[in-house]
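**Student:** Given the coordinates of chain A, assemble chain B onto it according to the supplied hints.
These protein sequences, in sequence, are chains A and B.
Using the numbering used here, you'd call the opening residue of the first sequence number 152 and step up by one each time.
Using the numbering used here, you'd call the opening residue of the second sequence number 152 and step up by one each time.
Hint data in this document are derived by calculation from the structure and do not stem from the laboratory.
Identical copies carry no separate label here, and so any pair may be met within one copy or between two of them.
Calculated lysine to aspartate or glutamate pairs in the EDC-like style (CA-CA distance at most 20 Å, straight line):
id, residue 1, residue 2
1, Lys259, Glu346
2, Lys366, Asp389
3, Lys386, Asp363
2 protein chains.
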Amino acid sequence: MLEDYRNHTKLKKIKIVLFETSHSGNIGAIARAMKNMGLSQLVLVNPKEFPSQMASARASGAADVLDDAIVLDSLEDALKDCNLVIGASARLRRVSWPQLDVRETAQKIMATTENADAQVAILFGREDSGLSNVEMDHCHYLANIPTNPVYSSLNIAAAVQVFAYECLMATDIVVKNKTTQLGYKEQLASGKQLEGFYEHLYQMLQDIEFLDPAKNALFMRRMRRMFNRTQLDVKEIDILRGILTASQRQAKQLKVLKE
Amino acid sequence: MLEDYRNHTKLKKIKIVLFETSHSGNIGAIARAMKNMGLSQLVLVNPKEFPSQMASARASGAADVLDDAIVLDSLEDALKDCNLVIGASARLRRVSWPQLDVRETAQKIMATTENADAQVAILFGREDSGLSNVEMDHCHYLANIPTNPVYSSLNIAAAVQVFAYECLMATDIVVKNKTTQLGYKEQLASGKQLEGFYEHLYQMLQDIEFLDPAKNALFMRRMRRMFNRTQLDVKEIDILRGILTASQRQAKQLKVLKE
Numbered sequence: 152m153l154e155d156y157r158n159h160t161k162l163k164k165i166k167i168v169l170f171e172t173s174h175s176g177n178i179g180a181i182a183r184a185m186k187n188m189g190l191s192q193l194v195l196v197n198p199k200e201f202p203s204q205m206a207s208a209r210a211s212g213a214a215d216v217l218d219d220a221i222v223l224d225s226l227e228d229a230l231k232d233c234n235l236v237i238g239a240s241a242r243l244r245r246v247s248w249p250q251l252d253v254r255e256t257a258q259k260i261m262a263t264t265e266n267a268d269a270q271v272a273i274l275f276g277r278e279d280s281g282l283s284n285v286e287m288d289h290c291h292y293l294a295n296i297p298t299n300p301v302y303s304s305l306n307i308a309a310a311v312q313v314f315a316y317e318c319l320m321a322t323d324i325v326v327k328n329k330t331t332q333l334g335y336k337e338q339l340a341s342g343k344q345l346e347g348f349y350e351h352l353y354q355m356l357q358d359i360e361f362l363d364p365a366k367n368a369l370f371m372r373r374m375r376r377m378f379n380r381t382q383l384d385v386k387e388i389d390i391l392r393g394i395l396t397a398s399q400r401q402a403k404q405l406k407v408l409k410e
Numbered sequence: 152m153l154e155d156y157r158n159h160t161k162l163k164k165i166k167i168v169l170f171e172t173s174h175s176g177n178i179g180a181i182a183r184a185m186k187n188m189g190l191s192q193l194v195l196v197n198p199k200e201f202p203s204q205m206a207s208a209r210a211s212g213a214a215d216v217l218d219d220a221i222v223l224d225s226l227e228d229a230l231k232d233c234n235l236v237i238g239a240s241a242r243l244r245r246v247s248w249p250q251l252d253v254r255e256t257a258q259k260i261m262a263t264t265e266n267a268d269a270q271v272a273i274l275f276g277r278e279d280s281g282l283s284n285v286e287m288d289h290c291h292y293l294a295n296i297p298t299n300p301v302y303s304s305l306n307i308a309a310a311v312q313v314f315a316y317e318c319l320m321a322t323d324i325v326v327k328n329k330t331t332q333l334g335y336k337e338q339l340a341s342g343k344q345l346e347g348f349y350e351h352l353y354q355m356l357q358d359i360e361f362l363d364p365a366k367n368a369l370f371m372r373r374m375r376r377m378f379n380r381t382q383l384d385v386k387e388i389d390i391l392r393g394i395l396t397a398s399q400r401q402a403k404q405l406k407v408l409k410e
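Chain A on its own, in the form it takes in the complex (with noise of 0.2 Å):
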């Protein structure tokens, strides 16, 4: 039997609302686009036409998504049970949300997922017109999909698209079925292995006399980011930490011979 990620731990908290749409065959594309890649909430406020031979069209192998989506008539009662709420949008300069760009929201939402009664929603506007002040009043941050300047505005099927993706992405699934298949099997490294790696670093960076005291903070906050892009996983957090602890041995035997 094929695996379903649909019933992924963290991909299953996370719903897709559509705000007034009004083509019902993007309604269908994004049933598919969300299949594809492990997601299967979907709720509709609004729609100009649902259910449609057209959302059917183009939902494809997807029905199963479309039947099971949620029509409702507020967004309120679409958003009343999310503990995270990301509005899709382009980016704007004059906003004072926290803006995001969809990879960074993807990893915003596997940290909110980590807690088992989550609930995120990523929501999108009108074909047309986008979000509304109003309803970007409802959104903890702002997400936007790095574009074209001169051609910034994708269709809505292909932003959801490029969301669920950068969803599936981040979760582990990716990167275990990748790790198998070059003979690895390691785990991606926990938020408290990471913690230990920063420690060990930031005090073998001491050892070797080379961090200047006076900018501790902000050279740590710099290898943070660093290292949090990477997704370091457990087997290269150990080979880290060996480095560090071979660095440290003869930091020591200097220290001992010098006295």
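**Tutor:** Quick look at chain B alone, frame taken from chain A:
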């Protein structure tokens, strides 16, 4: 004037080749996805219907990509100027082609397009049956988008969207924009700078007596895979090499004192 990423020195070397596409609506949606992400070269090999009203409708503001599209009747002609041909396909378990996921593919493309006169193609097969072995014979790599095993077939325009998105994300553009926002202006390290770093790391690991010579090659490959994933910027390379130098300095002092 807004910048047009289609003039980006790397993005403009990438062409999307569609082989025997049957739904002209998909061709339009692909043109839109390409322009959104800064790609401009579209080549159609034996499309069922082109030009077409449906393609133009779905292209929305990307009619210019359709206007500039080249229509050919042989795949050989479409690929003959290419140094790197990527075949988009579902993940195949039984073929001997080297296989990458779409994110790794974008990295590969960015490395190839360092070269001034490089030309890269990403080849997409028919909507219903993908690429045959004959078409795969033209490909240097097969590339797949990670998907839900129970429903792994993406719409072709959705697939092009994800490939084009990963290409844009792999350029220096997005990193630059982000680092500018953060107040940094670092550029991504070049291949040459990365090689310099790996050489330095290799030397340092011997100096601190960490590296077991018998395992060197495997170990360094692992280090490369880890740091390549990070996409180091120029400043980060400087910092890391600073740490290596500090360790080496102690190793040298220790050696002198021991003699």
